[in-house]
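S.K.: Each chain, written out:
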Amino acid sequence: AQSVTQPDIHITVSEGASLELRCNYSYGATPYLFWYVQSPGQGLQLLLKYFSGDTLVQGIKGFEAEFKRSQSSFNLRKPSVHWSDAAEYFCAVGAGQAGTALIFGKGTTLSVSS
Amino acid sequence: GAVVSQHPSWVICKSGTSVKIECRSLDFQATTMFWYRQFPKQSLMLMATSNEGSKATYEQGVEKDKFLINHASLTLSTLTVTSAHPEDSSFYICSARAGTEYGYTFGSGTRLTVV
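If you read the protein sequences in the order shown, they are chains H and D. Here my numbering is used: the first residue of the first sequence is 1, the next is one more, and so on. Here my numbering is used: the first residue of the second sequence is 1, the next is one more, and so on.
Note that these hints are calculated values from the structure, not bench results. Keep in mind that the hints are not guaranteed to be accurate.
To give an idea of the interface, some chain D residues facing chain H are shown, with a C-beta separation under 7 Å as derived from the structure [claimed, not checked]:
hint: 1; residue: Trp10
hint: 2; residue: Phe34
hint: 3; residue: Phe39
hint: 4; residue: Ser43
hint: 5; residue: Leu44
hint: 6; residue: Leu46
hint: 7; residue: Thr49
hint: 8; residue: Ser108
hint: 9; residue: Gly109
The beta carbon of each residue, even a glycine, is placed where N, CA and C say it ideally should be.
Construct all of the structure, not just a fragment, from the sequences and the given hints.
M.R.: Laid out in structure tokens, this is it:
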């Protein structure tokens, strides 16, 4: 069965420090991978996505993610965290077939300390 | 870019009444729409998948008679929560996809509170 695992429920990072949020997936077909961010009471904002090609993907707000097929991972990174990055982050997996829904991980809450 | 409009943003209703949530794709034709539910501090759980002109496919554990989904056109899908109860209070989000487009576009969500 398809699944997404985000091992870290809550991470606290100092402002200016680097960040890595982990994501592992289990998917039978070629996965399409996404990272979304959600602020409290708000909808989802797409940070970046991977379909094919270069395994290092650049997104908005200075985020990047690397697809590692051998490890079934799609970890999100940012070299220097800002206080405004504090939010909930979701990794999701989908497929190329039009009728396939995104499956979400449980999310990681990012807190940023000053 | 692709835009999905979801209304209302928030709604408060009395227990036992029904509430309809609309999801519209504004600049593309959404052959498939998805409805998710999110409880506080939890992830998004897929409720159902709907294709234009056909019956929705519900995930296991989702009551299809309680959560009525209609996808009557390529730009509109509706979710009706019938005989709402306080336990139905949640954040509901729709997502749309256009045919073989790889992207998923999300609505801004609807906060439902049943009192």
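S.K.: Determine which of the earlier numbered hints do not hold for this structure and return their numbers in increasing order.
M.R.: 1, 3
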